[in-house]
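Spelled out, the chains give:
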Amino acid sequence: MGLNSYSVAHGLVLGIETSCDETAVAVVEDGSRALSSIIYSQEVHAEFGGVVPELAGREHERRILTVVKQAISEAGLEMSKPKLEAIAVTMGPGLAGALMVGVAAAKALSLAWEVPIIGVNHLEGHLFAVRLEQDPIRYPAIMLLVSGGHTMLVLVEQPGRYKIVGRSLDDAAGEAFDKVARFLGLGYPGGPEIEREAGLGDPSFIRFPRALRDGSFNFSFSGLKTAVVTYAKRNPQVELADIAASFQEAVVDVLVEKTLNAAKEFEAKSVALAGGVGANTKLREVLAKRAHDLDLGVCIPSRENCTDNGAMIAAAGAWRLENFGPSDISLGAYPSLGLQESI
Amino acid sequence: MILLGIDTATEMTSLGLCKYGEPPSLVSFPGPKNQLESIGRVVQQLLDDSEFSRSQINAVAVDVGPGLFTGLRVGVSFAKSLAGALGISIVPVSSLDILAFSQRNCPKTVVAAVDARRGEVFYAMYRKVPGGGIARISDIAVGSPEDVAAEIESMAESVLLVGHGAHKYKEVFSTVSQVHFAGSAVSYPLMPMLFEIAFPMTFSEEFVPPESVEVVYIRDADARVNFDVRQALRKDG
Ligand SMILES: [Zn+2]
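Residue numbers (the numbering used here), protein chains in the order written: chain A, 219 to 561; chain B, 82 to 318.
Isolated chain A, as found in the complex:
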């Protein structure tokens, strides 16, 4: 199915995302052009080395209106009459108390501005982030969705038709980055810290194990994490940078290989990247190069569109609105919502 059969609401959609530790709001036109995208990344979690749900809820509540106002004004609109077609909001999966802030705010805005509300699945939002980029994607596509909470390979036959063909059996890739970074005494979040350190080291210094080379499309990162910790303890003389580089190499290697294998198996026309770990430079470079060598279409969104943002929620919302209509005002928050589930 090509781009032509892809229909979205053409008006302006406001997207609200508060599922984890980013308070993000954007205005998107035509389901694909972001007129504004404001992302407030909560820094309160850094000292804890992971997201603290209660603090995330408090920060979202504190910031939500300010971020909405910024998104409206940067899009050149007026708070009193923004002329939106709909308000899209992440309804799950995510942290319950965090999701509830976004949904409550979305309901109030929908009521005040008299525009419909659309509940969006956060995972589907990530898959729609590619729509915000210039290159139209060719379906079927294999999408690698990698973040602090998720690691999955999704076969997208067309928007709305998904099949999860592989997933992590233990830690999410982003979680492995966080845990290894913490062990190595690097900061939080672990992804950017490991990447920075890895840039100074030799990726072939140690060959860490690549798990689940069994032909399946599932992932496992806990063994790799243990191997890195054990190695670092036994070899205190080895440079931190070399360990970080070798670890990153192992993660990227497994992610790219399985993505390309899945693309081959399911005869995908393209591969795409989504989720916060998609901001990793090495992953972006290796995936782009190897997919290109195989003549596959490649869609790697900008770093801002890989990490959680409101524009991807608005993009998914514009598509949902056109194809399924708005949600009911009685919409709730659904912390463990699955990719194929709609409400």
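No lab work stands behind these hints, which were simulated from the structure alone. Each hint can be trusted.
Here are the simulated distance ranges between beta carbons:
id	chain 1	residue 1	chain 2	residue 2	range
1	A	Phe542	B	Asp303	37 to 47 Å
2	A	Val447	B	Arg217	49 to 59 Å
3	B	Arg305	A	Gln288	25 to 35 Å
4	A	Arg379	B	Gly224	54 to 64 Å
5	A	Lys299	B	Glu103	28 to 38 Å
6	A	Phe542	B	Ser285	44 to 54 Å
7	B	Ile218	A	Glu292	39 to 49 Å
Capping the alpha-carbon separation at 25 Å, the derived lysine to aspartate or glutamate pairs in DMTMM-like fashion look like this:
id	chain 1	residue 1	chain 2	residue 2
8	B	Lys249	B	Asp301
9	A	Lys299	B	Asp130
10	B	Lys114	A	Glu272
By construction, the Cβ of each residue, glycine as well, lies at the ideal position given by its N, Cα and C atoms.
Given the structure of chain A, go ahead and fit chain B with the ligand onto it with the hints provided.
Just chain B with the ligand, lined up with the frame of chain A:
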């Protein structure tokens, strides 16, 4: 002057719409469980059933706590966003002030208490003001019912307890001889009381821009409490 009232601080959710000098329209329902699902529909209904349009609302009066954290965030996020979009202000009111206000004619010291979960209550003390009204004479605090009971006992005066936090731990508080309990009809903050407090505040322009409204948590987030303890231990060790 028309106010929209929002109270999601306790296990009783209350929403209301009120024109000054007229009886308010009110909807209350139990359980924080359906709060998020219901809040939009109920406010919509209140507006539809009234003769007012949303653009006629002058301010949003909201209970900012202390109380149940998640519920407070739903109510305050909703209130802020609604006020922000309508371009109006917010009148923030404390849950304990609303409870105490229901006993404003009581000659005794009034202690208002709401359930804080985990075996604790949020509470504050109040005294009748000459000429009408009631004023808070203590900080808002959190403590175990036993500690609060001991504090009341040391005051050596007759005290009236009001609120669900008092009723839930009635056995503990009853051990103090000079304690009396307000009726259970005022266990939860009542929307008409919120309006009675909020109207004069609106007239005297004691309202705030929506983005400046702060939820009154009193208690730190768990992680921070545990983390501080861990840090302290580490420093000692
Ligand atoms: Zn995400």
